[in-house]
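Engineer: Spelled out from the first residue to the last, the chains are:
Protein chains: 2
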Amino acid sequence: MIAAVSPLAPKSFPELPEIEGVRFATGAAGIRYKDRTDVMLALFDKGTQAAGVFTKSKCPSAPVDWCRARLKGGKARALIVNSGNANAFTGKAGAQAVKLTAALAAKATGAPANEIFLASTGVIGEPLDASKFDGVLEKMSAHAAPDGLLEAAKAIMTTDTFPKVATASAMLGGVEITLSGMAKGAGMIAPDMATMLAFVFTDAPIASAVLQSMLAKSVQDSFNAITIDSDTSTSDTLLLFATGAAAKRGAPKIVTANDRRLAPFKQALNRLLLDLAYQVVKDGEGARKFVEVQVTGAASASAAKKIALSIANSPLVKTAIAGEDANWGRVVMAVGKAGERAERDKLAIWFGGIRVAHKGQRDPAYDEAKVSALMREEEILIRVDLGLGKGMAKVWTCDLTKEYVAINGDYRS
Amino acid sequence: MIAAVSPLAPKSFPELPEIEGVRFATGAAGIRYKDRTDVMLALFDKGTQAAGVFTKSKCPSAPVDWCRARLKGGKARALIVNSGNANAFTGKAGAQAVKLTAALAAKATGAPANEIFLASTGVIGEPLDASKFDGVLEKMSAHAAPDGLLEAAKAIMTTDTFPKVATASAMLGGVEITLSGMAKGAGMIAPDMATMLAFVFTDAPIASAVLQSMLAKSVQDSFNAITIDSDTSTSDTLLLFATGAAAKRGAPKIVTANDRRLAPFKQALNRLLLDLAYQVVKDGEGARKFVEVQVTGAASASAAKKIALSIANSPLVKTAIAGEDANWGRVVMAVGKAGERAERDKLAIWFGGIRVAHKGQRDPAYDEAKVSALMREEEILIRVDLGLGKGMAKVWTCDLTKEYVAINGDYRS
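Just so you know, the protein sequences line up as chains U and B, in that order.
Be aware that the first sequence starts at 553, since it is given in our numbering, and climbs by one per residue.
Be aware that the second sequence starts at 553, since it is given in our numbering, and climbs by one per residue.
Since the hints were made in silico from the structure, they are not lab data.
Everything numeric in this text was worked out from a predicted model, so none of it was measured.
Careful, some of the hints might be misleading.
Each pair may be met inside one copy or between any two copies, as identical chains are not told apart.
To be verified - In silico DSSO-like links for lysine-lysine, alpha-carbon gap of 27 Å or less: (1) LYS644 / LYS608; (2) LYS911 / LYS651; (3) LYS608 / LYS858; (4) LYS610 / LYS898; (5) LYS644 / LYS922; (6) LYS624 / LYS651; (7) LYS644 / LYS911; (8) LYS911 / LYS684; (9) LYS627 / LYS610; (10) LYS942 / LYS644; (11) LYS624 / LYS610; (12) LYS610 / LYS858; (13) LYS946 / LYS898; (14) LYS651 / LYS898.
Could you put together the complete structure from these sequences and hints?
Structural biologist: Here it is, written out as structure tokens:
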């Protein structure tokens with residue numbers, strides 16, 4: 553009944569070019585699962601710059617606390633991520649597990665502990681036995697290779713049904729640079745942040761403060777614009793690492809955020825993050841439909857986003873989509889409950905290209921059969937125009953199916 | 553697969569004493585369903601006082617607009633409620649349908665149209681053909697009788713699996729007065745308001761302004777403290793009608809909200825609303841578990857309520873309960889995402905009477921087998937103490953099951 557791989561999964565993986573200055577390795581530490589890889593390592597050349605954004609949860613995981621502190625230095629030499637245990641809500645033992653992991657990683661890789669980034673995903677509240685990394689990290693470090701990104705993405709899956717990877721390239725001062733990334737997450741996905749874990753690597757020579765500024769902006773219309781179930785993880789982490797290796801090929805070092813030469817890089821980063829964010833939605837637990845919600849004509853951009861999220865998070869809208877029912881009345885309900893300005897008699901609603909409601913009532917021209925045909929598609933577009941102002945927003949979500957309930961009613965036990 | 557009657561339904565209905573000055577009737581207007589009653593009428597003696605609270609949706613239904621306007625007079629002579637069509641998002645046609653219904657009801661009952669209250673429940677966005685009430689209301693008016701409350705409650709059911717009725721009595725100035733009420737709602741239930749429709753009737757002689765003040769207060773800890781799916785109806789309506797007939801038996805007329813003689817009545821009203829609100833949760837679409845969420849030790853009462861609702865609305869918490877899994881990690885997640893002050897290392901969590909987490913980590917004494925046994929019960933208590941202040945709140949919800957998805961994925965079509 554539960555699909556082995558989401559029906560919305562990409563049909564193939566992209567070719568992932570190597571990122572100069574990054575090497576990957578995976579291992580099996582037996583954190584929770586047996587007979588599968590559950591830890592990934594990324595090693596960075598000296599001089600690698602780092603940036604990151606994290607969950608806004610008031611109860612963040614121990615690795616989130618750790619990474620936030622490490623970012624102050626702006627430098628990174630390694631990233632270690634495990635699946636099977638989130639090391640969240642584990643009290644002092646959690647902080648100790650993080651320290652021990654970093655110490656073991658420092659020993660294994662030769663990198664200073666405070667330039668090692670950590671992330672964990674899996675069950676909350678169970679102590680993480682970091683001593684299991686001992687020995688495993690050494691072997692991984694010895695075998696790290698530049699072409700291991702896809703395998704690394706597989707190692708950090710939990711309820712994911714497929715690994716999520718993406719790549720993009722851009723010109724930076726006349727030199728082609730590359731970005732590649734991975735994401736992990738299938739439930740407990742909502743702004744802010746909207747992914748559990750995502751990591752992006754580039755060879756561009758960009759200073760950490762500039763990376764941070766770009767990342768914080770780019771995430772707004774990608775990972776912070778997706779929602780699966782409105783639940784926000786304690787572990788959400790998005791890290792961006794720039795090795796700077798492209799400088800050897802003549803790429804300029806970028807040290808200010810408003811450097812005009814950055815424009816193509818910014819676009820590539822936006823594209824990459826959106827690609828990964830889409831994949832997270834397409835692996836939404838139990839998802840059968842990918843849904844784009846567009847809101848236009850709102851009083852402001854933030855009002856538009858709040859209304860779009862109210863629609864995207866509504867269980868009644870999401871179950872209607874699962875049932876392939878163009879139930880626009882529930883869209884009205886979700887607009888009404890958002891708390892933002894709305895005037896019933898100015899509201900218009902479309903499914904796909906078909907306007908089903910306008911001026912406060914059903915569109916008399918609307919053909920139920922045509923809309924029903926649209927609802928059977930894999931990708932559904934819901935558009936709402938409020939007729940009030942210029943505020944607009946887009947968010948992405950999936951439907952709410954019985955499989956979501958099955959997956960989450962039987963996850964821990 | 554979908555239960556004919558919720559397993560959480562009360563095993564029997566209470567004896568419903570007649571409320572002097574109120575008569576009920578039901579009829580079949582063929583609004584949407586065939587071969588079932590779909591309209592109820594309550595007739596009130598002259599002098600009946602009215603109060604009401606409504607949805608905070610920015611897109612309220614036409615009957616909500618109508619009732620809000622009628623309440624200014626404070627007087628009521630009749631209430632007409634139909635199921636099958638919510639007359640919501642029906643544009644000008646909706647306002648016209650409301651006017652026509654009131655005019656037909658005035659003709660049928662002899663009451664002035666502006667003392668007639670209306671409510672509709674069912675599908676949103678479909679025009680309501682109010683002409684179907686013509687003739688039907690005359691017959692109902694002719695047959696109205698004081699003992700018809702339970703039948704009236706049945707007439708306004710939609711996806712409800714059982715009619716919701718309750719009764720209470722209290723002393724008012726040495727005279728026993730009675731309250732009885734009904735509620736309707738099984739999905740699209742969340743603050744504010746948390747029910748689709750509820751109507752309460754009493755013979756107490758209380759002025760409309762006093763009723764309004766008591767109702768607004770009492771609803772905070774009852775209907776505004778329940779949630780099924782976080783979705784807020786466009787039609788939520790709670791009306792309170794007081795015929796004043798008990799004055800003939802010597803009950804004092806109450807005209808100020810701080811009259812001390814009101815205390816027992818207030819308690820009875822609180823009890824009655826809570827009883828009805830519980831029943832709405834117990835008929836939550838697909839519900840198999842009734843869940844009380846208690847939050848203590850929050851920075852303020854409003855913070856406590858926000859955290860309690862974050863827990864109660866979390867799909868991951870609700871599916872865990874459906875799966876009988878004491879997944880307190882998801883409770884931590886829901887506390888963290890509420891946006892209110894929380895300190896991980898001061899947090900404690902109980903399921904039933906068993907503390908499963910404290911001081912930021914799993915309680916070492918906690919016995920998983922005992923907690924698992926508790927999770928198999930029909931009623932589940934989740935308690936969270938934040939260890940910060942004196943703010944507390946209680947809310948009630950149900951689990952999220954595959955049946956919820958089945959019911960709502962296949963409602964309209």
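Engineer: Indicate, hint by hint, whether the structure satisfies it.
Structural biologist: Each hint, compared with the structure:
1. LYS644 / LYS608: within (21 Å within a copy, 44 Å between copies)
2. LYS911 / LYS651: Only across copies: LYS911 and LYS651 sit 20 Å apart there, 60 Å inside one copy, limit 27 Å.
3. LYS608 / LYS858: both (17 Å within a copy, 16 Å between copies)
4. LYS610 / LYS898: Classified as between; 12 Å across copies, 38 Å inside a copy.
5. LYS644 / LYS922: Between copies only: 26 Å across chains, 58 Å inside a chain, cut-off 27 Å.
6. LYS624 / LYS651: within (17 Å within a copy, 65 Å between copies)
7. LYS644 / LYS911: Classified as between; 9 Å across copies, 57 Å inside a copy.
8. LYS911 / LYS684: This pair counts as between: shortest inter-copy Cα distance 25 Å, intra-copy 62 Å.
9. LYS627 / LYS610: within (26 Å within a copy, 49 Å between copies)
10. LYS942 / LYS644: between (49 Å within a copy, 26 Å between copies)
11. LYS624 / LYS610: within (20 Å within a copy, 44 Å between copies)
12. LYS610 / LYS858: So LYS610 and LYS858 pass the 27 Å test inside a copy (21 Å) and across (14 Å) alike.
13. LYS946 / LYS898: within (20 Å within a copy, 38 Å between copies)
14. LYS651 / LYS898: between (57 Å within a copy, 22 Å between copies)
Taken one by one, the earlier hints all hold for this structure without exception.
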